[in-house]
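Undergrad: These two chains come separately, so use the hints to put the complex back together.
This is what each chain is made of:
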Amino acid sequence: MSQILQYLLTGVTVGSIYALIALGFTIIYNTTDIINFAQGEFVMLGGIIMASLYRAFHLPLPLLFVIAVLIVTLVGMCIERLAIRPVKSGSIVTLIIITIGVSIVIKAVSAMLWGKDAIPLPSFSSERPVRILGSSMPSQSLWVIGVTICIMVIMTLFYRYTRLGKAMRACALNKVGANVVGIDVRKMSLISFAISAAIGAAAGALVTPIYHAGYDRGTMIGLKGFCATILGGLGSVPGGVLGGFAIGILESLGCWISSAYKDVFALAVMVLVLYIRPKGLLGK
Amino acid sequence: MFFIYVQKVFWESSSELLLRKQRSVKKNIWHLALILLVALLPLVIRGSYSYLLSLMVAGGIYVILVLGLNLLMGYTGQISLGHAAFYGIGAYSSAIMTMKYGLSPWLAFPAAIAITCTFALFIGIPTLRLHGPYLAMATLGIGIIFTKVMIAWDTFTGGPDGIYGIPNFSLGFTAIDTDIKQYYFVWLVAILIFILSYNIVNSGIGRALKAIDSNETAAEVLGINAARYKLMIFILSAAFASIAGSLYTHCRLFISPQIFSFMLSVKLVTMVVIGGMANVWGGLIGALILIAIPEFLTIISENWQGINTTELEIAIYGLTLVLVMIFTPTGFAGMLAKIGLLRKQKRISL
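One line per chain: the protein sequences are A and B, in this order.
Sequential numbering from 473 applies to the first sequence in this note's numbering.
Sequential numbering from 1047 applies to the second sequence in this note's numbering.
Chain B extracted, bound-state conformation (with noise of 0.2 Å):
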């Protein structure tokens, strides 16, 4: 029985490589088209639509930390509900750093993210041991208490205000200060972050991750230790988290508390979901419709009066959240992967 389980994960893996060199041509035109599409997009951006700069601006940081959820959610099966979270000891890191003790934003950057890994490192060991929802619980109540501490104390955080006038990133001869110049910067990121993941998935981590998915047991049986490689991409994806939250303090230049709710978290589990878990560009798609929906909503709430659409949007995400977890649990990627779009992933953890 066992040596059926070995050499299934094995044939696998090794199928896996053979496989590869065949798709690396297509996965780099891909790639190229969404290099090129980017950098074209503020060419056809203009006039009374110059907001949209600001949005995309938005839309890449939630690129960012979509995709490491994307990670998290896909390969492990376990779920961060304090992403946000996260997201705030990046910002807050980076922002206190810089304001308080004179740092240059391109060293707190660094800095936030080793604050915020060690933050990951400390709930993810205890929790990643067990089987079950124990990571959500932990990180539910980390996000929540987030908020609550950055409200408290004051002192260092600013309180209920938040924290404003933080410096720019800063090239130089140039700061990073209007919005065509950050959406190139964080696009950048975000790009080199997608692409960062989408070798993971497709590394030798990656296919240990596929193979502790499809069984758990047989992957320990051939040495792959399945706590640590679950921790390796919680960490990781609060790294990317932290990214984030460096590159939205150093673009917006104010941060407070609310920014980083528990909602935050929530709707970035939706976009998860949306997207399409276990999937790369799903968690491309996913964030691209996370920044789409409010102002869909702005929309209808000209039209139709007495709507409130805050409570609206967010009533709007826990059904989205449900019908996509009843009817196509593989989200949209996975329903642009059954009509030949995107390649079929073997195995949704799911």
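Next up, chain A with everything else stripped away, as it sits in the complex (with noise of 0.2 Å):
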């Protein structure tokens, strides 16, 4: 009983994670229908940039976890201005493989910046674990799934309350509407990255104390984001989120029957919801 609830306490970290890369995926999606492939190495880079940081001047956390969102947020901005506005037929395919190629030169430049060993960090309160129900977990996970649930709460009300929120969801509904009506769609392109950066980067450096920094760590894990994202409904915020925790938790089970197929789960889900619901869980 205790190794199930064990399991399950893992599953909702790591679901939390994904449940933010989904959340960063749909935010792109939606105001510009591309798939952000580099979403993952926002993750990577927000780990890597913090742990780092924290090795050479052992400033304190809060203050890197900030730098390091801000560092990302910037990396995101940069990415929109340089690689996706410049593109002239601006077809989804054109797009996609842009971002792809972005994610490449993040890897390796990276690779080539910070090396190829993992960079630890220490947890951000105490190191002891956390003792519930006689099974243990992570203090750090507490953090994870606490700044998840934060996010989630000021994204909602972001969208649904403020000026900017609401004028993305307009761009999301109907691009050419919304520019009629004197939203700059350009402008909002713009800001979905560097959200989506920033809840990216977010992630990243909320999970490097229990898994460690390194340059390869996007890829899979900006993949199971997308397998969350596919589970949920592509371009549906709660769907997003709701997949991230499902694709978590049935990894971590899965985990317990082979830990060498680990990795193979989110992938096989994500087939099988291609066969049998194309639209995901709550997809429109």
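Think of the hints as simulated: they come from the structure by calculation, not from any bench.
Please note: incorrect hints may appear among the correct ones.
The calculated lysine-lysine pairs, modelled on DSS-like cross-linking and capped at a C-alpha distance of 25 Å, are [stated by the list, open to error]:
{"id": "1", "chain 1": "B", "residue 1": "1194", "chain 2": "B", "residue 2": "1227"}
{"id": "2", "chain 1": "A", "residue 1": "647", "chain 2": "A", "residue 2": "751"}
{"id": "3", "chain 1": "A", "residue 1": "734", "chain 2": "A", "residue 2": "588"}
{"id": "4", "chain 1": "A", "residue 1": "647", "chain 2": "A", "residue 2": "659"}
{"id": "5", "chain 1": "A", "residue 1": "588", "chain 2": "B", "residue 2": "1194"}
{"id": "6", "chain 1": "A", "residue 1": "734", "chain 2": "B", "residue 2": "1194"}
Label-pair restraints from in silico Cβ distances [stated by the list, open to error]:
{"id": "7", "chain 1": "A", "residue 1": "553", "chain 2": "B", "residue 2": "1171", "range": "37 to 43 Å"}
{"id": "8", "chain 1": "A", "residue 1": "539", "chain 2": "B", "residue 2": "1385", "range": "46 to 52 Å"}
{"id": "9", "chain 1": "A", "residue 1": "550", "chain 2": "B", "residue 2": "1146", "range": "35 to 41 Å"}
{"id": "10", "chain 1": "A", "residue 1": "550", "chain 2": "B", "residue 2": "1242", "range": "40 to 46 Å"}
{"id": "11", "chain 1": "B", "residue 1": "1346", "chain 2": "A", "residue 2": "748", "range": "29 to 35 Å"}
In this text, a Cβ means the ideal position worked out from N, Cα and C, and glycines have one as well.
TA: In structure tokens:
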């Protein structure tokens, strides 16, 4: 019993990260129709920047967290400005190939800058694991889950009540219509990349104390985040979050069955979803 | 409105037929030139450059891979990010069947194609019905699963060490075991596949694909089943990858999971994009650039100390992808077409 709880707790922790990545995918997809293949690299960058800054300067962790998120947000905005906006034929295939190219460049440059060894980062609070009903989990897990919930609440409020959030929702519904009523669609695209990068970086920084940072962490985690997006329904924010937790828990329970094939479960689920219900659990 | 669409698509295909006859003479000259070039190349490569021959064996294998992916990306507007996996499935099937079950390479070869196509069918059916990048993601997933499974399932696949000591193809009286024999064998297959791709593009299937590309609704009104055509091309490209895989296995005699990594899939996509999508010649050019880049980088690294060439190589692929897509989405073949060296493609699926 306590073993199942153990796997569930791990699943919810990892699931939070997948949910954040799925949120990032959805934000960019909704405003620009692009599947951003570089989403996982934002996560990797967030973690690796925070860990390497900590190793170099030993500044307080909250400050480093903010710095890491800000740097990655800037990277996201640069990507939109330099690689997405100059594209003349705005077809989706072109844009997707570009984001693939960008993700490759980020990964290779990170390997050159930070080397190939994993960089550790201490937990945000204490290193002592938290005990719940006979099973234990790292205290960092509580940070991961807590901050994830905060981000979800903030994003919901942002979309529902702020002028900018409403403008972005309008873009998602109909770009031409949004343009007609005076919304700058191109600016919304820039903002969506900024928010997505920030959320991705936050996810990466949060999870680094548990799994360490490394240049090659982005691809797999981004891919699983995408599996979560598909499972929940591409374009649906609550769907992505639900899918994230579902994939996290499923993978964790799958790990119980066979750890060698752990990474295979999420992808198998995605292929199955595409067969049975391509629009996902909560898709429109 | 619909009527105009229908008429447009119909007219395009019929005018294509008329033009075909005029072009066929010109086309044959180019094909003959290619065959001559390939046949005569080993006569030029001599002495200290003999490693180039071994490089060209790999080049021929890449040509087959890139031609398949080029058909898929250029004519269906879909991307496969796991093409290395299909290549790998072909290679591993071939290796395991000859090593574990003692099959002749000639029997393992078609069996490997059948296995690869089954996988492609399994991935293609759900994803190609949908509009959007679902195939890209599913193939990316399969690509990563493939490497993981090949490493984890070590009793069957040899794990991370791979499989070695695989037999060569044999023609009864002689085994295809030297560089020169392998060169001619691989390029014979590559040229056959090149001509096959060329003919597919200019056949009814190719015209149907062009019709789907210019207007999918109108094409479906004419009775073209878009999803089925896309699936057909996807499976064909997987079959090409499997052929390349078997050739690799029985020429290099050693395979390991690292060869068929996600990085290779990315390299292949890069080469299709650089060479030029929706152009068979583009596939050929792209594959040849693919084998040239690492050679150039080796030269650079010899002169520039302290540069990590593998990472640099990967960064260059990524950067090229972005730059080509921004500035010349039609690739190298598109540039050649602009200056009149290659026939302009009417529409390029972008």
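Undergrad: Is the straight-line distance between the alpha-carbon of residue 647 of chain A and that of residue 751 of chain A 25 Å or less?
TA: 21 Å, holds
Undergrad: Assuming the hint says 35 to 41 Å, is it satisfied by the Cβ distance from residue 550 of chain A to residue 1146 of chain B or not?
TA: The hint (35 to 41 Å, Cβ to Cβ) is violated, given that residue 550 of chain A and residue 1146 of chain B are roughly 51 Å apart.
Undergrad: Hint check: residue 734 of chain A vs residue 588 of chain A, CA-CA at most 25 Å. Holds or violated?
TA: 23 Å, holds
Undergrad: Decide if the proposed pair is consistent with the structure: residue 647 of chain A and residue 659 of chain A, CA atoms, cutoff 25 Å inclusive.
TA: Holds. Residue 647 of chain A to residue 659 of chain A sits at ~12 Å (cutoff 25 Å).
Undergrad: Indicate whether the distance between the beta carbons of residue 553 of chain A and residue 1171 of chain B respects the range 37 to 43 Å.
TA: This hint holds: roughly 39 Å between Cβ atoms.
Undergrad: Given the hint of 40 to 46 Å, check if residue 550 of chain A and residue 1242 of chain B actually sit that far apart at their C-beta atoms.
TA: 44 Å, holds
Undergrad: Within a Cα-Cα threshold of 25 Å, do residue 1194 of chain B and residue 1227 of chain B meet the stated pairing?
TA: 34 Å, violated
Undergrad: Does the structure keep residue 588 of chain A and residue 1194 of chain B at a Cα separation of 25 Å or less?
TA: Roughly 20 Å separates the two Cα atoms, so the pair holds.
Undergrad: Using the C-beta atoms of residue 539 of chain A and residue 1385 of chain B, is the stated range 46 to 52 Å upheld?
TA: 50 Å, holds
Undergrad: May I ask you to test the hint 29 to 35 Å on the CB atoms belonging to residue 1346 of chain B and residue 748 of chain A?
TA: 50 Å, violated
Undergrad: Please work out if residue 734 of chain A and residue 1194 of chain B have their alpha carbons no farther apart than 25 Å.
TA: 10 Å, holds
Comparing the model with each numbered hint stated earlier shows that hints 1, 9 and 11 do not hold.
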